[in-house]
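Asks: Sequence:
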Amino acid sequence: MTEYSTVSYREIPLFKDVTEAQWNDWHWQMRNAIADIGTLGEVLDIDEKEHEDLEKTLAKFKMAITPYYAALMDKSYKLCSVRLQAIPRVEELSNDVSDMADPLHEDVDSSIPGLTHRYPDRVLLLVTDICSMNCRHCTRRRIVGQEDSHLSKENIQRAVEYVREHREIRDVLLSGGDPFTLSDGSLETIVAAFREIPHVEIIRIGTRTPVVMPMRVTDDLVNMLKKYHPIYVNTHFNHYSEVTQEAKEACEKMADAGIPVGNQSVLLRDVNDCPRIMKKLVHELLKIRVKPYYIYQCDLSKGISHFRVSVAKGIEIIESLRGHTTGMAVPTYVVDAPGGGGKIPLMPNYLLSHSDKRYVLRNYEGVITTYTQPSNIFSECWCELCKNDEYGPLDGVAKLLNGEKLSLEPTDLARLQRNGLNPQE
1 MTEYSTVSYR
11 EIPLFKDVTE
21 AQWNDWHWQM
31 RNAIADIGTL
41 GEVLDIDEKE
51 HEDLEKTLAK
61 FKMAITPYYA
71 ALMDKSYKLC
81 SVRLQAIPRV
91 EELSNDVSDM
101 ADPLHEDVDS
111 SIPGLTHRYP
121 DRVLLLVTDI
131 CSMNCRHCTR
141 RRIVGQEDSH
151 LSKENIQRAV
161 EYVREHREIR
171 DVLLSGGDPF
181 TLSDGSLETI
191 VAAFREIPHV
201 EIIRIGTRTP
211 VVMPMRVTDD
221 LVNMLKKYHP
231 IYVNTHFNHY
241 SEVTQEAKEA
251 CEKMADAGIP
261 VGNQSVLLRD
271 VNDCPRIMKK
281 LVHELLKIRV
291 KPYYIYQCDL
301 SKGISHFRVS
311 VAKGIEIIES
321 LRGHTTGMAV
331 PTYVVDAPGG
341 GGKIPLMPNY
351 LLSHSDKRYV
361 LRNYEGVITT
371 YTQPSNIFSE
381 CWCELCKNDE
391 YGPLDGVAKL
401 LNGEKLSLEP
411 TDLARLQRNG
421 LNPQE
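Read in order, the letters of the sequence shown are residues 1 to 425 in the working numbering.
Treat the hints loosely; a few may be bogus.
In silico DSS-like links for lysine-lysine, alpha-carbon gap of 27 Å or less [claimed, not checked]: (1) K226 with K287; (2) K302 with K287; (3) K62 with K75; (4) K56 with K16; (5) K291 with K49; (6) K343 with K302; (7) K153 with K78; (8) K226 with K291; (9) K343 with K399; (10) K279 with K253; (11) K357 with K291; (12) K302 with K313.
For the record, the hints were derived by calculation from the structure and aren't laboratory data.
Values in this document were obtained by computation on a predicted structure and should not be read as measured data.
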């Protein structure tokens, strides 16, 4: 059994008098989040230049670092992977030409405050603007940490009614902010409301507390959640140094309660943009019963361009995983497309060429092989699901594949406008 280190907080002068009961109380962790330069200076070595940069950055953006996560940071090394994710940098004040306030169009695609219905069968509900800490690469920095409020009961009820009225919705994702910053009772009220809707099959919760405040995952919390199975949790480890004994216990507590835990990493410059770092991370995750789920290309949110790396680097990382380690350890590398395009998977090119009979493929070693198609390659489906149209109408490219449409055309094509045609007609 792998032994993980426990965070040694008493070695830090700021925390030397903190009791074990206080340290392991998530309310204490949130109340004592590091939010100013003076307190931060009691944990880290801050030189004059960094002090000046912090003053400039904090004039615009908030800082909040849980004592637990602060104790993980290297005191002196500025390129510490944990420190880079937690400490504001002056680069946040610079906007790249590609930056956008709401790159994923979550606000644009929201007819009800907090609710986004982009994909056919699932919705996203941002139940709070509050996080236990302010991650510097946050894609929702336009809202998280700005007002520090939970979604109102009225808007939660509106979201519940929306889902109730849209029978095609089978999957509800609760995110924020961080839903685990709500009290057990408040979170249960939301979960229970969606669980009462017959056509809601699964409920997912996105949280980073197992990484930055693992003491939040209490016995009471998991015992409450498991009453509403099937419940899934996705968390957000970016570097293997975040996998501590405390994080392990939090994740395994959920797994023991029958709650599958997945991980969504963001590809970040100087944090995890290395195939070896990512490989060690996914191995450590599987050992604590967390399934690597996604690697995200860093979004185009304002003020985080210094974290971005090339898409080619992400493909290189997948190339270093696929075939080189167990398939369970290989997450899907995605770009969450600007403009509300959703998650688009990107993969190395394993298909080299093809004819009408054969496909030329290559494996992770560079071995080139062929797959010969059977003589009778065409099939028709006679299943009950298709005959009864049980899963509803298809959309997008799927309509092309099933023959329902011959083409898909953008609505703003100049030739259509010239001829006064509507491509949707």
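Asks: With reference to the structure, classify each hint as holding or not holding.
Replies: Structure-based check of all given hints:
1. For the hint pairing K226 with K287, the CA-to-CA distance comes to about 22 Å; that is within 27 Å, so the pair holds.
2. Taking the CA atoms of K302 and K287, the gap is about 35 Å. The hint is violated against a cut of 27 Å.
3. Taken as a hint, the K62 and K75 pair is honoured in the structure, with Cα atoms around 21 Å apart against an allowance of 27 Å.
4. This hinted pair does not check out: K56 and K16 have alpha carbons roughly 30 Å apart, beyond 27 Å.
5. Proximity of K291 to K49 is assessed by CA-CA distance (about 40 Å); at most 27 Å being required, the pair is judged violated.
6. Of the supplied pair hints, the one linking K343 and K302 holds, its CA atoms being roughly 19 Å apart against a limit of 27 Å.
7. Annotation: proposed proximity of K153 to K78 is violated, straight-line Cα distance about 42 Å (limit 27 Å).
8. For the proposed pair K226 and K291, the alpha carbon gap of about 19 Å is at most 27 Å, so the pair holds.
9. Using a Cα cut-off of 27 Å, the hinted pair K343 and K399 holds, with the two alpha carbons roughly 19 Å apart.
10. Of the pairs offered as hints, the one joining K279 and K253 holds, with about 24 Å between alpha carbons and a cut-off of 27 Å not exceeded.
11. With a C-alpha separation of about 37 Å, the suggested pair K357 and K291 falls outside the 27 Å cut-off, and the hint is violated.
12. Restraint check for K302 and K313: the C-alpha separation of about 21 Å stays at or below 27 Å, so the hint holds.
The earlier numbered hints that this structure contradicts are 2, 4, 5, 7 and 11.
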